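Enquirer: The primary structure of each chain is shown beneath.
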Amino acid sequence: MRENPDHKAKTERELTFAEAIREALADEMRRDPRIFIVGEDVAEAGTPFKVLSGLVEEFGKDRVIDAPISEPGFTGVGVGAAMTGMHPVVDIMFGDFLTLAMDQIVNQAAKVHYMSGGKLKVPIVFRTTLGATRRSAAQHSQSLHAWLSHIPGLKVVIPSTPYDAKGLLKAAIRDENPVVFFEDKMMYKLKGPVPEAEYIIPFGQADIKRAGDDITLVATSSMVQVALAAAEKLSQIDIQAEVLDPRTTKPLDKQALIDSAKKTSRAIVIDEGYESYGVTAEIASVIADGAFYYLDAPVKRMGAMDVPIPFSPALEDLTVPTEDTVFEMAKSLCRRN
Amino acid sequence: MTTDAKLGAAPHFEPEDLEHWLLMYEQMTRIREFEEKVNELYMKAIMPGLAHLYSGQEAVAVGVCAALRADDDITSTHRGHGHCLAKGASVDRMFAELLGKEAGYCKGKGGSMHIADPESGNLGANAIVGGSAGIATGAALSAKMRGSDQVVVCFFGEGALGQGILYEVMNMASLWKLPVIYVCENNLYNEYTHYSEALAGEITARPQAFGINVESVDGQDVQQVYEVMKRLVARARRGEGPSFLECKTYRYYGHHVGDISRSYYRPKEEEQEWRANRDPLKILAQRLVSQKLTDDYILERIRTEVQAEVEAGVQFAMAAAYPAPEEVDQDVYA
Numbered sequence: 005m006r007e008n009p010d011h012k013a014k015t016e017r018e019l020t021f022a023e024a025i026r027e028a029l030a031d032e033m034r035r036d037p038r039i040f041i042v043g044e045d046v047a048e049a050g051t052p053f054k055v056l057s058g059l060v061e062e063f064g065k066d067r068v069i070d071a072p073i074s075e076p077g078f079t080g081v082g083v084g085a086a087m088t089g090m091h092p093v094v095d096i097m098f099g100d101f102l103t104l105a106m107d108q109i110v111n112q113a114a115k116v117h118y119m120s121g122g123k124l125k126v127p128i129v130f131r132t133t134l135g136a137t138r139r140s141a142a143q144h145s146q147s148l149h150a151w152l153s154h155i156p157g158l159k160v161v162i163p164s165t166p167y168d169a170k171g172l173l174k175a176a177i178r179d180e181n182p183v184v185f186f187e188d189k190m191m192y193k194l195k196g197p198v199p200e201a202e203y204i205i206p207f208g209q210a211d212i213k214r215a216g217d218d219i220t221l222v223a224t225s226s227m228v229q230v231a232l233a234a235a236e237k238l239s240q241i242d243i244q245a246e247v248l249d250p251r252t253t254k255p256l257d258k259q260a261l262i263d264s265a266k267k268t269s270r271a272i273v274i275d276e277g278y279e280s281y282g283v284t285a286e287i288a289s290v291i292a293d294g295a296f297y298y299l300d301a302p303v304k305r306m307g308a309m310d311v312p313i314p315f316s317p318a319l320e321d322l323t324v325p326t327e328d329t330v331f332e333m334a335k336s337l338c339r340r341n
Numbered sequence: 019m020t021t022d023a024k025l026g027a028a029p030h031f032e033p034e035d036l037e038h039w040l041l042m043y044e045q046m047t048r049i050r051e052f053e054e055k056v057n058e059l060y061m062k063a064i065m066p067g068l069a070h071l072y073s074g075q076e077a078v079a080v081g082v083c084a085a086l087r088a089d090d091d092i093t094s095t096h097r098g099h100g101h102c103l104a105k106g107a108s109v110d111r112m113f114a115e116l117l118g119k120e121a122g123y124c125k126g127k128g129g130s131m132h133i134a135d136p137e138s139g140n141l142g143a144n145a146i147v148g149g150s151a152g153i154a155t156g157a158a159l160s161a162k163m164r165g166s167d168q169v170v171v172c173f174f175g176e177g178a179l180g181q182g183i184l185y186e187v188m189n190m191a192s193l194w195k196l197p198v199i200y201v202c203e204n205n206l207y208n209e210y211t212h213y214s215e216a217l218a219g220e221i222t223a224r225p226q227a228f229g230i231n232v233e234s235v236d237g238q239d240v241q242q243v244y245e246v247m248k249r250l251v252a253r254a255r256r257g258e259g260p261s262f263l264e265c266k267t268y269r270y271y272g273h274h275v276g277d278i279s280r281s282y283y284r285p286k287e288e289e290q291e292w293r294a295n296r297d298p299l300k301i302l303a304q305r306l307v308s309q310k311l312t313d314d315y316i317l318e319r320i321r322t323e324v325q326a327e328v329e330a331g332v333q334f335a336m337a338a339a340y341p342a343p344e345e346v347d348q349d350v351y352a
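Residue numbers (our numbering), protein chains in the order written: chain A, 5 to 341; chain B, 19 to 352.
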């Protein structure tokens, strides 16, 4: 378990999550001419979320390539380019559209290195989104990172702060493997300290977003802010929650999860993917296995409700964990009723 | 559009090219003998899993690859042994891969449907029908971005015409003028179904709709395949964009080695007709002999030498070691 040593204190500069992503891409593209971006509306439009605004002006249309609306096609083109000396960053606008490109990611990119006995490699990043509550309904709101985390050969990154987004995206781009990078679309405007100077965050290193002794809230991506808000509320009733962010689901920092649960004796795993067969199940199992004799309560899981995500705000907000539901679950687990 | 070759028909050969054509004859013979041996290994239960034999289609792989440079890339299919051999793979390491041995091209981790050999410009066979269309097109984009003049060939059967990704990447290849040649081997059968039951309209009309340069040749005539490919490759190398080459051909065996009762989807007479009168090895041999450029003795000697090479390759593979258990979780990540 490694905390980011006082980066928050040392830097004055704040960037949004989107700006941190853009800065990481621009830095890396200046460093390495093999890197290019391909996807729908990535050039002048800069994506619907404007994450890539300005990149085509600096790097030109040959390196920021607008593709037709053909997810399998441009994903496959990225895989072939990666196998032959380039380093593509493929933009899949909504995480829900991963389903269209699944053969290219799962059957091709993830397996080429192994199937070729290690002779071919696929250095490629698939950037995409997750997260509900944008009133975008069932086909633009899912968090499908568990699907990709299931596949040997892929690495999966789920940053929760602008600082982590920049450092992890740089690590993703410098990796020699296919990496799926999930960005919470509701977090693009979140501001946080981001050093201008170069830094890389290695995969498989969880980060303690808030230290505490009474209960561990393992939270990913969009759920980190929710967990931090719940932790703040819990502190008012004298429950000190530790908020632990794995930052990558593959590789997973199992030791950090186990160490934190051993320290606090209680854990809730909070993730915006569907709860059944999800990331929460994997992490809960790691904790139950590794910290069993230290636990004072069963490990609890909180994920998205197992329903297609509804449009109506009155319904959609019921489907994801919130500050209040996490607070209540933690309170009851600590037997403070 | 060129006409079908017939036995005895005699397009002109330049005598100085004799060695070139004899090499193509040798490569086609190598593929034929290799596949016969694979079938035998399967029947004797020596080979694990299945294989999809290329016999009957040799002129396509050989004619296409003869028009490529060593540093040009290909992507292949589940029926890929012929492509791999034609691009320069060696028989012994091919057999070793088919038997799951460490000495195989992929350390035994890929098997019959996944042979890859970047050293000979083979980006890999692919067991998803149409699955390598994206890879080939991406390799062509890469060649263009790197400022190389490499050309990429994407082999696929007419069954892949049912897969959407093919049309997505042909669209991009045409828009971006990529140096890729889509080689469609129309062997008439999508697995166990005649292609006419699966394909509406004309095959060549599909790439034409994307503004792609289209040719259609008799895939049993290695000379036709080679001559047309030379033009398409030169065109791609000059930066003039993608082409689509339909090669009309025939699969002598079933969809895979275990598909032995085929009469419910195609008559025996049809198979016999292709073997007797449309065989790519016979067509080239008769043409060379009738023009007195070679004789049966030389062709027979080539066949004998290749048979010895194939036999030695099998012995090599049978004697080779299996991968060590520690290999099982190696190469998951680079």
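Please keep in mind that the hints were generated in silico from the structure rather than gathered at the bench.
On a predicted model such as this, the values are computed, not experimentally measured, just so you know.
Note that the Cβ used here is the ideal one computed from N, Cα and C, for glycine as well.
Keep in mind that a hint or two might mislead.
Here are the simulated PhoX-like pairs of lysine-lysine, each with C-alpha atoms no more than 25 Å apart in a straight line [unchecked claim]:
hint: 1; chain 1: A; residue 1: LYS258; chain 2: A; residue 2: LYS193
hint: 2; chain 1: A; residue 1: LYS123; chain 2: B; residue 2: LYS300
hint: 3; chain 1: B; residue 1: LYS119; chain 2: A; residue 2: LYS125
hint: 4; chain 1: A; residue 1: LYS65; chain 2: B; residue 2: LYS195
hint: 5; chain 1: A; residue 1: LYS335; chain 2: A; residue 2: LYS304
hint: 6; chain 1: A; residue 1: LYS123; chain 2: B; residue 2: LYS248
hint: 7; chain 1: A; residue 1: LYS237; chain 2: A; residue 2: LYS266
A few chain A residues that don't get close to chain B, going by computed Cβ distances all over 12 Å [what the hints assert, rightly or not]:
hint: 8; residue: ARG38
hint: 9; residue: LYS54
hint: 10; residue: ASP66
hint: 11; residue: SER74
hint: 12; residue: ALA86
hint: 13; residue: MET87
hint: 14; residue: GLY89
hint: 15; residue: ASP107
hint: 16; residue: VAL116
hint: 17; residue: HIS117
hint: 18; residue: ALA233
hint: 19; residue: ASP310
Enquirer: Confirm or reject each hint.
Expert: To see whether the hints hold, each was checked on the structure:
1. A/LYS258 <-> A/LYS193: violated, 30 Å
2. A/LYS123 <-> B/LYS300: Violated - the C-alpha atoms of B/LYS300 and A/LYS123 are around 37 Å apart, more than 25 Å.
3. B/LYS119 <-> A/LYS125: Holds, because 21 Å separates the two Cα atoms, which is no more than 25 Å.
4. A/LYS65 <-> B/LYS195: holds, 15 Å
5. A/LYS335 <-> A/LYS304: It holds: about 12 Å lies between the C-alpha atoms, which stays within 25 Å.
6. A/LYS123 <-> B/LYS248: violated, 29 Å
7. A/LYS237 <-> A/LYS266: Judged against 25 Å, a Cα distance of about 23 Å means the pair holds.
8. ARG38: Given that some Cβ of chain B is not farther than 12 Å from that of A/ARG38, nearest at about 8 Å, it is violated.
9. LYS54: Consistent with the label, A/LYS54 stays out of reach of chain B, its closest Cβ about 25 Å off (over 12 Å).
10. ASP66: violated, 7 Å
11. SER74: Violated, since 4 Å does not exceed 12 Å.
12. ALA86: Given a closest Cβ separation of 7 Å, the condition is violated.
13. MET87: violated, 6 Å
14. GLY89: violated, 6 Å
15. ASP107: violated, 6 Å
16. VAL116: Per Cβ check, A/VAL116 is inside 12 Å of chain B; nearest 7 Å; violated.
17. HIS117: violated, 5 Å
18. ALA233: Holds, since 36 Å exceeds 12 Å.
19. ASP310: Holds: least Cβ distance 30 Å, greater than 12 Å.
When the structure is compared with the earlier hints, violations turn up for hints 1, 2, 6, 8, 10, 11, 12, 13, 14, 15, 16, 17 and for no others.
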